[in-house]
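*Asks:* Please build the complete structure, drawing on both the sequences and the hints.
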Amino acid sequence: MTWISIRVLITLLLLVSQDLPAQTLIANEQVEIKQLSKTTARSIFAMRVHEWPNGTPITVYVLQDQDPTHNQFCKSVLGMFPYQLRRIWDRQVFSGTGTAPIVVNSEQEMLDAVANTKGAIGYISKDDADTHKRIQIIKVDL
Amino acid sequence: MRASLLSILLVIPTMALAEDKAWYERIALHGFASQAYIHTTDNHFYGPSDDGSFEFTEVGINGSFRISPKLRLSAQLLSRQAGRFDNGSPILDYGLVDVSLYADARYATGMYIGRIKNEIGLYNETRDVAHTRSAIFLPQVIYFDKVRNTIMAADGIHLYNNINLDSGTLFMEVGTGYTLADKNVEYAYLGDDWAGAIHNDKLGIFGKILYEHNGGEWIYSITGTRVTLDFDAGASDRVPFPFGPGMNSGEIDIDYTVLSAQYNGEKWQFTGEVAFENVDYVDIGGPVSQMNINSIGYYLQANYNFTPAWQAFIRYEEFQLNKHDWNGKEAARQNRINSQQLASLGINQAPVPAHEYYSKSWVLGGRWHVTHNVMLRAEYHIVEGVATLSPRENTVTDTSKRWDMFAMSLSYRF
Numbered sequence: 445m446t447w448i449s450i451r452v453l454i455t456l457l458l459l460v461s462q463d464l465p466a467q468t469l470i471a472n473e474q475v476e477i478k479q480l481s482k483t484t485a486r487s488i489f490a491m492r493v494h495e496w497p498n499g500t501p502i503t504v505y506v507l508q509d510q511d512p513t514h515n516q517f518c519k520s521v522l523g524m525f526p527y528q529l530r531r532i533w534d535r536q537v538f539s540g541t542g543t544a545p546i547v548v549n550s551e552q553e554m555l556d557a558v559a560n561t562k563g564a565i566g567y568i569s570k571d572d573a574d575t576h577k578r579i580q581i582i583k584v585d586l
Numbered sequence: 116m117r118a119s120l121l122s123i124l125l126v127i128p129t130m131a132l133a134e135d136k137a138w139y140e141r142i143a144l145h146g147f148a149s150q151a152y153i154h155t156t157d158n159h160f161y162g163p164s165d166d167g168s169f170e171f172t173e174v175g176i177n178g179s180f181r182i183s184p185k186l187r188l189s190a191q192l193l194s195r196q197a198g199r200f201d202n203g204s205p206i207l208d209y210g211l212v213d214v215s216l217y218a219d220a221r222y223a224t225g226m227y228i229g230r231i232k233n234e235i236g237l238y239n240e241t242r243d244v245a246h247t248r249s250a251i252f253l254p255q256v257i258y259f260d261k262v263r264n265t266i267m268a269a270d271g272i273h274l275y276n277n278i279n280l281d282s283g284t285l286f287m288e289v290g291t292g293y294t295l296a297d298k299n300v301e302y303a304y305l306g307d308d309w310a311g312a313i314h315n316d317k318l319g320i321f322g323k324i325l326y327e328h329n330g331g332e333w334i335y336s337i338t339g340t341r342v343t344l345d346f347d348a349g350a351s352d353r354v355p356f357p358f359g360p361g362m363n364s365g366e367i368d369i370d371y372t373v374l375s376a377q378y379n380g381e382k383w384q385f386t387g388e389v390a391f392e393n394v395d396y397v398d399i400g401g402p403v404s405q406m407n408i409n410s411i412g413y414y415l416q417a418n419y420n421f422t423p424a425w426q427a428f429i430r431y432e433e434f435q436l437n438k439h440d441w442n443g444k445e446a447a448r449q450n451r452i453n454s455q456q457l458a459s460l461g462i463n464q465a466p467v468p469a470h471e472y473y474s475k476s477w478v479l480g481g482r483w484h485v486t487h488n489v490m491l492r493a494e495y496h497i498v499e500g501v502a503t504l505s506p507r508e509n510t511v512t513d514t515s516k517r518w519d520m521f522a523m524s525l526s527y528r529f
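These protein sequence lines are chains L and P, in that order.
Residue numbers for the first sequence follow the numbering used here, so the first one is 445 and each next one is one higher.
Residue numbers for the second sequence follow the numbering used here, so the first one is 116 and each next one is one higher.
Hints listed in this document are in silico derivations from the structure and should not be mistaken for laboratory results.
None of the hints are false.
Not the full set, but computed from the structure, chain P residues with beta-carbon under 10 Å of chain L:
#, residue
1, Gly-229
2, Thr-241
3, His-487
Glycine residues also receive a C-beta, built at the ideal position from the N, C-alpha and C atoms.
*Replies:* Structural data, given as structure tokens:
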């Protein structure tokens, strides 16, 4: 009986973990930074930091607001809700004090954009990003 | 020869700017359009609303051009039709150069030069963009539409400083500039459209301290402005009392401070703001010698997200024109005495009632993001008092104390 419960529990845990895919922060391979603090990651995705320490402009790519991967990324990596980021971007865009990131329609588009843009940063739901050419994984201290 | 010249011309700016992207890739265009329908049981708000009004239309387009990571240009054109306040003729809402003086992951400082929106409360900067507002109408007890231009924007310079701490981000901004005075301001601060005019040739000052805790879970801010307007009395304004208004040229000194706090959770959001306004009239005299603006306005709002697309809210808001004369009791008593005295001189002037001096309302509403770009809103206001209405749209001695308002809006942005 105990064994069955443990098996059921393990199966359930596996199911749950499959529902919540790992969120991976990715960047163009030329980006020299390999690790970001949560605070810096927030600043970058809020479009408040405009260049990498070496002076390369940062280009931020995101999925659409209602995309489940975007939602998961906001919550688990940035510790924010999508509506908060949207509000920050809108305030900047419509008061002239800043900009919004570039929105892509799929994770494939995200991979292509980050691979082909110097200084680009983005995220995907899988953790096999390092198998893609010209893309590196960035660690975030949570 | 011509080709090589052209290539040099193209290469020089590219090198100077150290950018890999072509110039057209560094331009971002955005815009919005919104149309509302307003129906009031009594009184006028944005047009003859007691018969239903469509006189609230907002259209805007903006562009941002990143010259380099340290230099950016941006501007927005706005057309706003709002009852008798605004006739829809396009204006430059903002137009500025953003110069980044220093920036790293922890600290950023820079300046804006040009026409800059003032950060008053949490919403003033983008108050004409429906998608950024918390409802169809921002709480009028703080974001008065009748005097929007005094605090809206100014032509000048702002310095900003942002500090990223592990716990949150601290934003500080200070600026100076010339505000944009117009007829609405004259109605609001001088009660009428006089022969003379209001000018803005004195520099105003603006300031903000905002702390965003844990990525914006909690936001606290104090924002404020001090603006001086000049009134040049016209010949007919100078005619002595009781044959004329008996006004002189003088100054209107306005102090406006807003304290704000907001909680942002996944389902619930709570917002509270309070505004203090002090207006001093210097040398003008006449009818304004009895005007005393020492006001307080506040609101509390709770929002609930049923889903990311569906949201409902409830809000209580209150405004008192004179915080030392709650509900305008003393002012109304004085008005009745003045009216009787004028009557004995053979001048018939109805007294301004107490409910002109305050406003209290409950607002219930909701919004639906039909798509990412399209939003539909509806709300119902139950109001006592008319202090937030403009004398430009209403006769102050003939307003209803209790009135309701229903509004719907359809908004688009890209």
